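*Asks:* So the chains spell out like this:
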Amino acid sequence: MSEQSDRSPHPIPLPQAGEGEAVSPAGDALKKIRIATCSLAGCFGCHMSFLDIDERLFGLIELVEFDRSPLTDIKRCGPCDVGIVEGGVCNAENVHVLKEFRKNCKVLVAIGACAINGGVPAMRNNIDLWDCFQEVYCYEGGLECGQIPNDPELPLPFDKVHPISEVVKVDYFLPGCPPSGDAIWKFLTDLLNGREPKLDYEQLHFD
Amino acid sequence: MKQFEFPEISRILTPILARHGGDASRLLQVLLEVQDVCHFIPSEAIDLIAAHFGVPRVNVEGVVGFYSFLSTRPVGEYRLLFSGNITDQMLGKDELMQYLCNKLWVEPGKVSEDGLVSIGSTSCTGMCDQGPAALINGWPLTKLDHNRLDLIAELIRSRKPVADWPAMLFEVVDNIHRGDVLLGQPFEPGAAIRATLARGAKETLVEVDKSNLRGRGGAGFKTASKWSLCHAAIAEEDGGVICDVGGHPERFIVCNADEGEPGTFKDRVLLNSYADLVFEGMTVGARVVGASKGFLYLRGEYRYLLQQLEAVLKRRREAGLLGETILGQADFSFDIEIHLGAGAYICGEESALIESLEGKRGRPRNRPPFPVTSGYKGRPTVVDNVETFACAAKIAEKGAAWFAAIGTAQSTGTKLISVSGDVARPGIYEYPFGVTVSQILDDCGAEGRPYAVQVSGPSGTTISWKEFDRKIAFEDLPTAGALMVFRRKRDLFQVAQNFADFFAHESCGFCTPCRVGTELQKKIMSKIASGYGTASDLEELKRLGHILKTMSHCGLGSSAANPVLDILEKFPDMVESKLKAFAFKPAFDLDGALATARTITGRDDDWAHL
Amino acid sequence: MSKTITIDELAVPFKEGQTIMDAALAAGVYIPHLCHNPEFKPHGSCKLCTVNVNGRNVASCTLPAVEGQQVLSDIEELNADRLALTQMLFVEGNHLCPACEKTGNCQLQAVAYYLGMMSPHYNHFYPQREADASHHDVMLDRNRCIYCELCVRASREVDGKNVFGLSGRGIKTLLVVNSASGLLGDTDLAVTDKAVQVCPTGAILIKRHGYAVPIGQRVFDHITIKDVQTGGGDE
Ligand SMILES: Cc1cc2nc3c(=O)[nH]c(=O)nc-3n(C[C@H](O)[C@H](O)[C@H](O)COP(=O)(O)O)c2cc1C
Ligand code: SF4
Ligand code: SF4
Ligand code: SF4
Ligand code: FES
Ligand code: FES
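If you read the protein sequences in the order shown, they are chains W, R and P. Take the working numbering: the last position of the first sequence gets the number 207, and nothing is skipped along the way. Take the working numbering: the last position of the second sequence gets the number 1610, and nothing is skipped along the way. Take the working numbering: the last position of the third sequence gets the number 2235, and nothing is skipped along the way.
In isolation and in its complexed conformation, chain W is listed as follows (with noise of 0.2 Å):
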């Protein structure tokens, strides 16, 4: 947000909800702001955050619609208006989600202390990658399958998780782990007001 606001000028104006409040019967039906979410190396905490915001939802499908995202089963993100984005970067596939993200959305936000600082998922930045690969895949306790996968089908992990804000551009951050619903609540009505999203003292938490 303000801090963040010489780094990435907000890129494309956001279609306006109109005046007053954002989620007013009134809105458009036509000019449906379209919203992505994904979640990457996160717990899905964000998403299940995002449903918190109770009943106002019901209000806000008045005024947004949903492309790629958990909560439509849409698996490949077309041209949105604003992406979400929930946990940070520890594979390849991740940074082919995250870009696809990027290259559709006018908007990119980064939900969640792991987006934002890799989270939890992080831990394990402190460890050797062979000897996670060890522990899990080859030592007792673990998985016990003594071999490690060489499928291409799974997704080759880095060195370390990064936040998402290291492999593409990202306009806004909303920390929390989860943030709560009333943040979210208060980042998206901001957002989709055309106003610089702020968060008031109690909602701002980065834990």
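Incorrect hints may appear among the rest.
[Unchecked claim] Covered stretches of chain R, as calculated for chain P (at least 3 residues, CB under 8 Å):
(1) 1360-1370
(2) 1403-1413
(3) 1432-1444
(4) 1501-1507
(5) 1546-1554
[Said to hold, decoys possible] Taking lysine to any residue and the SDA-like style, the derived pairs with C-alpha atoms no more than 20 Å apart in a straight line are:
(6) W:169 / R:1109
(7) R:1585 / W:186
(8) W:186 / P:2040
(9) R:1160 / R:1101
(10) R:1523 / R:1592
(11) R:1523 / R:1491
(12) W:186 / P:2170
(13) R:1549 / P:2080
(14) R:1293 / R:1197
(15) R:1549 / P:2040
(16) W:106 / W:159
(17) P:2015 / R:1368
(18) R:1523 / P:2170
(19) R:1542 / R:1579
(20) P:2172 / R:1109
(21) P:2207 / P:2126
(22) R:1585 / W:159
(23) P:2161 / R:1047
(24) R:1549 / P:2170
(25) R:1398 / R:1203
(26) P:2194 / P:2054
(27) W:169 / P:2125
(28) W:186 / W:56
(29) R:1360 / P:2221
(30) R:1570 / R:1540
(31) R:1314 / R:1189
(32) R:1377 / R:1142
(33) P:2172 / R:1099
(34) W:186 / W:197
(35) R:1160 / R:1142
(36) R:1585 / W:104
None of these hints come from the bench; they were simulated from the model. Just so it is clear, the structure is predicted and the values come from calculations on it, not from any experiment. Each residue gets a CB set at the ideal place from its N, CA and C atoms; glycine is no exception.
Go by the hints and put chains R and P with the ligands onto chain W.
*Replies:* Chains R and P with the ligands only, in chain W's frame:
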């Protein structure tokens, strides 16, 4: 690698500790000797040294960790450190280092498996006029080339002690190409002290004041003001009288011979061939401020000068120019002790230098209080540059009017310039202040058409060919003495990158803006150099520059962005040509970051690449 | 008559020997700070407390107050720079707040909230740093150390022990402890030591106390660090 058993460590340490006595200010000196013998500081040695000085172990460990030339892990019987200044780099340092590594089967920065040798880089060793240079176990090697490295590899493989290596490898020459009042005129030891005693201390201070002598170490503070503040200071009694002599609060004179600014080597020459002049200036200063003890803080890289400097001190003591009752003056005693640094540029900053003199980590102090009121061991202390003391001796001998007639009104006297880089005759040039850069370039035979000149080292100013009419003077281009010349076609981005690396390596780590900011700056420069730079990286560099300049604790941090900001401002093309893309680029090499996993899984399919 | 300085147009009285920070805190004026703790001698390393005095930037926690100083503190430029410093502290270490027991009670985090930090902005260093669980009662996690040296000062000045110290240099600066093994368990640190209480972050934690306070009742859940440290906002 030799293993050290505890009784052996104790046997090694006992004579060293006995020689240095029990004052904790000798800690760093002891550690240097232990490093010399053992090629690292064993953990047991840390315990013994801590017990000997009565300081916590954690403090000793902190000191070992701070200085580049000390280590807690073995660095090999032979540790060869190439000087990493840009001038060495331009003379082929990188290739030479790789050549030697290949010959000796070691990786840069690692110790060979048999523990025999390690090869790495260190900050500028002050031999830019005779590079590429290096240090072998602390001793300077100059003019390195493939032939010399062949010989050196042979000497190392045959385990010949460094003391028995051919002298020609260690030859350091003065390279004085232009002398003036300091370098070009004879000086008779004792002349300045005699004049001072005849004139009186107060009157000598007046002379120094009238001469308008300003410090030669970079900041250009008026020397007489510093001396009179120190003289006037009444040391705060904090924890009792520490080292007072004869009932007077003790004061100290410190000569700053840390000369760490890359490209600067004039103090090396003064100490090699004009030591009497420097010591005499310190003695004059002692008389003026009322000090009976002085220190020469000699950078570790110049330890090869230690023995001959001790000999000069001895000779001066015998001649009655140092020690008790100097020249028969009953109330005048003064002596000088030499302390070695151990590879830390920050120790040239006067308050960090004082910390280091006290045997601590070289961390700049909070100011106020300033050293002139609370310096070494809390006592009023004058810290001046080597050249400043040399000037002071001349002023004491010949008077203020004579000195003030040289140079410009605001910058009196002469300045020693250390010239290196793309010139035919690198070396030392002494000019009256006010000389233009183009004059110097003509005199030293700058090759082709010079493109840019770095004045006063990385912390100074980069000037372009459009500015060569500017003058060396406090009112125009102040300098601590370095002048590095870059001809057309030189990659100035690489120059700025070398300097950014230097600052990140030398940041003391005390304050956030410099500790993290210099590292961020280094990373961004490296990102741009490897072709991943974008326009937003340039904005980030400017923003970092602002934070370094305005938030840092000391001069290192506040000047650490100078070379980067200068090149962005004066040579934008040089930087922009490095930007392969103006769009966003990932912060790291995506495909490279998959390499480990490819090795582990043995995969090389399309999905295993980015 | 008492002497005064001016901080952001407010006249603030001070006594001889006080720093700008002392005077500000006494008057209930908040200047962001991390390495400063009024119980200890000023240190001056984090630089968050940087203010502009008569046109020059200085650390307010170390600079003595002098009659007539014009101090600018709560201004946009300085707050932006403080935010940048805070972000630097985040990326140079490994701050995974969701997995940190200090979360909600952490001063680094609270300063970040106060300054409106939405992301760490800089690329992460992800350094390799050691955690040390060898002590029976105290956990040391270097990943969260910001080198404020409060533990160093507390151990030396209050506990008389010298358990902590800094080693290394520059970005390789490292918190070390006073034992040959390098382990906290081999030092004479006691859980009751002042050094254990002063860490502003989650680098030093008392074991078996984790997450004792429920979310919503933690120090900074509802009250900003400004109000906590100046005693305001608790009506
Ligand atoms: C990072 C840093 C490095 C410095 N290195 C040196 C040095 O190597 N030699 C020196 O004389 N002054 C150096 N200085 C300047 C000293 O702090 C101090 O100003 C100087 O020794 C005063 O002497 P002068 O008044 O004779 O110039 C350095 C300053 C900084 C901030
Ligand atoms: S500016 Fe750099 S060198 Fe100076 S105190 Fe800060 S960290 Fe140390
Ligand atoms: S120390 Fe503070 S900022 Fe760091 S991880 Fe813990 S709660 Fe977060
Ligand atoms: S452990 Fe805590 S108190 Fe000690 S230096 Fe680190 S952050 Fe400061
Ligand atoms: S997935 Fe939401 S914070 Fe980690
Ligand atoms: S609070 Fe002043 S520098 Fe840290």
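*Asks:* Hint by hint, say whether it matches the structure.
*Replies:* Status of the hints after comparison with the structure:
1. For the region 1360-1370 of chain R, the proposed coverage by chain P is satisfied: 3 residues have a C-beta within less than 8 Å of a C-beta in that chain, meeting the threshold of three.
2. A stretch counts as covered by a chain when three or more of its residues have a beta carbon under 8 Å from one of that chain; for the region 1403-1413 of chain R and chain P the count is 0, and the coverage is violated.
3. A count of 0 residues in the region 1432-1444 of chain R with a Cβ less than 8 Å from any Cβ of chain P is obtained; the coverage claim is therefore unmet, three being the minimum.
4. With 4 residues bearing a CB less than 8 Å from a CB of chain P, the region 1501-1507 of chain R meets the requirement of three and the coverage assertion stands.
5. Residue count for the region 1546-1554 of chain R with a Cβ under 8 Å from a Cβ of chain P: 6. That meets the three needed, and the coverage hint holds.
6. For the proposed pair residue 169 of chain W and residue 1109 of chain R, the alpha carbon gap of about 36 Å is over 20 Å, so the pair is violated.
7. Distance hint between residue 1585 of chain R and residue 186 of chain W is unfulfilled; the C-alpha atoms sit about 31 Å from each other, more than 20 Å.
8. At roughly 41 Å between alpha-carbon atoms, residue 186 of chain W and residue 2040 of chain P are farther apart than 20 Å, so this suggested pair is violated.
9. Restraint check for residue 1160 of chain R and residue 1101 of chain R: satisfied, since their Cα atoms lie roughly 18 Å apart, inside the 20 Å limit.
10. Simply put, residue 1523 of chain R and residue 1592 of chain R have alpha-carbon atoms about 17 Å apart, close enough for the 20 Å limit, and the pair holds.
11. Restraint check for residue 1523 of chain R and residue 1491 of chain R: satisfied, since their Cα atoms lie roughly 18 Å apart, inside the 20 Å limit.
12. With a C-alpha separation of about 41 Å, the suggested pair residue 186 of chain W and residue 2170 of chain P falls outside the 20 Å cut-off, and the hint is violated.
13. Distance hint between residue 1549 of chain R and residue 2080 of chain P is fulfilled; the C-alpha atoms sit about 15 Å from each other, no more than 20 Å.
14. Between residue 1293 of chain R and residue 1197 of chain R the alpha-carbon distance is near 18 Å, which keeps this suggested pair within the 20 Å criterion.
15. Proximity of residue 1549 of chain R to residue 2040 of chain P is assessed by CA-CA distance (about 28 Å); at most 20 Å being required, the pair is judged violated.
16. Simply put, residue 106 of chain W and residue 159 of chain W have alpha-carbon atoms about 30 Å apart, too far for the 20 Å limit, and the pair is violated.
17. Simply put, residue 2015 of chain P and residue 1368 of chain R have alpha-carbon atoms about 17 Å apart, close enough for the 20 Å limit, and the pair holds.
18. A hinted pair counts as satisfied when its Cα atoms are at most 20 Å apart, and residue 1523 of chain R with residue 2170 of chain P qualifies at roughly 14 Å.
19. With a C-alpha separation of about 16 Å, the suggested pair residue 1542 of chain R and residue 1579 of chain R falls inside the 20 Å cut-off, and the hint holds.
20. Annotation: proposed proximity of residue 2172 of chain P to residue 1109 of chain R holds, straight-line Cα distance about 16 Å (limit 20 Å).
21. Distance restraint check for residue 2207 of chain P and residue 2126 of chain P: the Cα-Cα separation of roughly 25 Å exceeds the 20 Å cut-off, and the hinted pair is therefore not satisfied.
22. Among the hinted pairs, residue 1585 of chain R with residue 159 of chain W is consistent with the structure: their alpha-carbon atoms are about 19 Å apart, no more than 20 Å.
23. Proposed proximity of residue 2161 of chain P and residue 1047 of chain R is supported: the alpha carbons are some 16 Å apart, at most 20 Å.
24. Taking the CA atoms of residue 1549 of chain R and residue 2170 of chain P, the gap is about 17 Å. The hint holds against a cut of 20 Å.
25. Simply put, residue 1398 of chain R and residue 1203 of chain R have alpha-carbon atoms about 13 Å apart, close enough for the 20 Å limit, and the pair holds.
26. Only pairs whose Cα atoms come within 20 Å are accepted, and residue 2194 of chain P paired with residue 2054 of chain P is rejected, the gap being roughly 37 Å.
27. Between residue 169 of chain W and residue 2125 of chain P the CA atoms are separated by roughly 18 Å; this keeps the pair inside 20 Å, and the hint holds.
28. In summary, the hint linking residue 186 of chain W to residue 56 of chain W is supported, as the alpha carbons are separated by about 11 Å, within the 20 Å threshold.
29. Between residue 1360 of chain R and residue 2221 of chain P the CA atoms are separated by roughly 41 Å; this puts the pair beyond 20 Å, and the hint is violated.
30. The hinted pair formed by residue 1570 of chain R and residue 1540 of chain R meets the criterion: a straight-line CA distance of about 17 Å does not exceed 20 Å.
31. For a cut-off of 20 Å, the pair hint linking residue 1314 of chain R to residue 1189 of chain R stands: about 13 Å separates their Cα positions.
32. With a C-alpha separation of about 38 Å, the suggested pairing of residue 1377 of chain R with residue 1142 of chain R is violated against the 20 Å cut-off.
33. Between residue 2172 of chain P and residue 1099 of chain R the CA atoms are separated by roughly 29 Å; this puts the pair beyond 20 Å, and the hint is violated.
34. Simply put, residue 186 of chain W and residue 197 of chain W have alpha-carbon atoms about 8 Å apart, close enough for the 20 Å limit, and the pair holds.
35. A distance of roughly 19 Å separates the Cα atoms of residue 1160 of chain R and residue 1142 of chain R; the hinted pair therefore holds under the 20 Å criterion.
36. This hinted pair checks out: residue 1585 of chain R and residue 104 of chain W have alpha carbons roughly 17 Å apart, not beyond 20 Å.
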